[in-house]
Amino acid sequence: MRAKSCGARSASPRARKATGRTTPSYEEGRTLLSSAKKIQKVRDKRKKRVRGKVAGTAARPRLAVFRSARHIYVQAVDDEAGRTLAEASTRSKEIAETIAKMKKTAAAAEVGRLMAKKLAALRVESAVYDRGAFLYHGRVKALAEGARAAGLKF
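In terms of the working numbering, the sequence shown opens at residue 1 and continues consecutively.
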């Protein structure tokens with residue numbers, strides 16, 4: 001048996017095994033997530049929770065909203081038939097000139113009004129609002145309020 005050294009160097013030529021606690025997440029077999037992945041994971045959970053409570057029919061379609069950094073998209077979906085009845089976005093040619101100088105929130109409200117007009121042409125008076133993974137705030141809220149202002153009921 002070798003005597004323990006009190007100096008800075010180890011008596012043995014090999015490195016000493018690390019002591020102390022390791023990160024609990026690695027012990028349990030999980031990995032640490034980046035902040036972007038955490039946000040996406042939270043959004044996916046929220047989307048599943050919201051989507052489970054919302055279903056659309058031909059008489060009352062589901063208004064599915066998607067928001068990117070620059071644009072906002074909405075489509076009226078009949079879940080029973082599995083088809084899209086109408087769609088509108090900030091990229092739509094019908095409102096391209098109108099929203100060219102607008103801020104994104106005002107443009108989202110204009111998209112809501114366009115969607116309400118398209119559904120009125122299809123004789124749809126009410127819809128179910130599916131915000132998906134997005135909080136009911138900002139552009140998502142403005143789109144809903146624009147559709148309500150144009151006569152669509154939620």
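Among the hints, a few may not be true.
As the list claims (entries may be wrong) - Derived DSSO-like pairs (lysine-lysine); straight-line CA-CA distance at most 30 Å:
#1 LYS53 <-> LYS153
#2 LYS48 <-> LYS104
#3 LYS101 <-> LYS53
#4 LYS117 <-> LYS37
#5 LYS37 <-> LYS53
#6 LYS103 <-> LYS93
#7 LYS141 <-> LYS41
#8 LYS45 <-> LYS104
#9 LYS153 <-> LYS47
#10 LYS38 <-> LYS53
#11 LYS48 <-> LYS101
#12 LYS103 <-> LYS153
#13 LYS101 <-> LYS117
#14 LYS103 <-> LYS117
#15 LYS93 <-> LYS41
#16 LYS141 <-> LYS48
#17 LYS117 <-> LYS93
#18 LYS38 <-> LYS101
#19 LYS153 <-> LYS117
#20 LYS47 <-> LYS103
#21 LYS153 <-> LYS45
#22 LYS141 <-> LYS53
#23 LYS47 <-> LYS118
#24 LYS53 <-> LYS104
#25 LYS117 <-> LYS47
#26 LYS118 <-> LYS103
#27 LYS93 <-> LYS118
#28 LYS93 <-> LYS37
#29 LYS93 <-> LYS38
#30 LYS101 <-> LYS41
#31 LYS117 <-> LYS141
#32 LYS117 <-> LYS104
#33 LYS104 <-> LYS93
#34 LYS48 <-> LYS38
Simulated from the structure, these hints should not be mistaken for laboratory data.
Status of the hints after comparison with the structure:
1. With a C-alpha separation of about 18 Å, the suggested pair LYS53 and LYS153 falls inside the 30 Å cut-off, and the hint holds.
2. With a CA separation close to 26 Å, the supplied pair LYS48 and LYS104 stays within the 30 Å bound.
3. Between LYS101 and LYS53, the direct Cα distance comes to roughly 37 Å. Violation of the 30 Å bound is thereby established for this hinted pair.
4. A threshold of 30 Å between alpha carbons decides the hint, and for LYS117 with LYS37 the separation of about 38 Å lies outside it, so the pair is violated.
5. Of the pairs offered as hints, the one joining LYS37 and LYS53 holds, with about 25 Å between alpha carbons and a cut-off of 30 Å not exceeded.
6. With a C-alpha separation of about 17 Å, the suggested pairing of LYS103 with LYS93 holds against the 30 Å cut-off.
7. Distance hint between LYS141 and LYS41 is fulfilled; the C-alpha atoms sit about 22 Å from each other, no more than 30 Å.
8. Restraint check: the Cα-Cα separation between LYS45 and LYS104 comes to about 26 Å, which is no more than 30 Å; the hinted pair holds.
9. Only pairs whose Cα atoms come within 30 Å are accepted, and LYS153 paired with LYS47 is accepted, the gap being roughly 22 Å.
10. For the hint pairing LYS38 with LYS53, the CA-to-CA distance comes to about 23 Å; that is within 30 Å, so the pair holds.
11. Proximity of LYS48 to LYS101 is assessed by CA-CA distance (about 35 Å); at most 30 Å being required, the pair is judged violated.
12. Note on LYS103 and LYS153: the hinted pairing holds, with a Cα-Cα distance of about 25 Å set against a maximum of 30 Å.
13. The straight-line distance between the Cα atoms of LYS101 and LYS117 is roughly 22 Å, inside the 30 Å bound, and the hint therefore holds.
14. Between LYS103 and LYS117 the alpha-carbon distance is near 21 Å, which keeps this suggested pair within the 30 Å criterion.
15. Of the pairs offered as hints, the one joining LYS93 and LYS41 is violated, with about 34 Å between alpha carbons and a cut-off of 30 Å exceeded.
16. Taking the CA atoms of LYS141 and LYS48, the gap is about 19 Å. The hint holds against a cut of 30 Å.
17. The hinted pair formed by LYS117 and LYS93 meets the criterion: a straight-line CA distance of about 15 Å does not exceed 30 Å.
18. For the suggested pair LYS38 and LYS101, the alpha carbons sit about 35 Å apart, so the restraint of at most 30 Å is broken.
19. The hinted pair formed by LYS153 and LYS117 meets the criterion: a straight-line CA distance of about 12 Å does not exceed 30 Å.
20. A distance of roughly 26 Å separates the Cα atoms of LYS47 and LYS103; the hinted pair therefore holds under the 30 Å criterion.
21. Restraint check: the Cα-Cα separation between LYS153 and LYS45 comes to about 27 Å, which is no more than 30 Å; the hinted pair holds.
22. For a cut-off of 30 Å, the pair hint linking LYS141 to LYS53 stands: about 19 Å separates their Cα positions.
23. Distance hint between LYS47 and LYS118 is fulfilled; the C-alpha atoms sit about 26 Å from each other, no more than 30 Å.
24. Of the supplied pair hints, the one linking LYS53 and LYS104 holds, its CA atoms being roughly 28 Å apart against a limit of 30 Å.
25. Distance hint between LYS117 and LYS47 is fulfilled; the C-alpha atoms sit about 27 Å from each other, no more than 30 Å.
26. For the hint pairing LYS118 with LYS103, the CA-to-CA distance comes to about 23 Å; that is within 30 Å, so the pair holds.
27. Taken as a hint, the LYS93 and LYS118 pair is honoured in the structure, with Cα atoms around 14 Å apart against an allowance of 30 Å.
28. The straight-line distance between the Cα atoms of LYS93 and LYS37 is roughly 34 Å, outside the 30 Å bound, and the hint therefore fails.
29. For the hint pairing LYS93 with LYS38, the CA-to-CA distance comes to about 36 Å; that exceeds 30 Å, so the pair is violated.
30. Our distance criterion of 30 Å between C-alpha atoms is broken by LYS101 and LYS41, whose separation comes to about 35 Å.
31. At roughly 18 Å between alpha-carbon atoms, LYS117 and LYS141 fall within 30 Å of each other, so this suggested pair holds.
32. The suggested pairing of LYS117 with LYS104 holds, with an alpha-carbon distance near 20 Å, which does not exceed 30 Å.
33. Simply put, LYS104 and LYS93 have alpha-carbon atoms about 16 Å apart, close enough for the 30 Å limit, and the pair holds.
34. Pair hint LYS48 plus LYS38 holds up; C-alpha atoms about 16 Å apart against a cutoff of 30 Å.
Of the numbered hints given earlier, the model fails hints 3, 4, 11, 15, 18, 28, 29, 30; all others are met.
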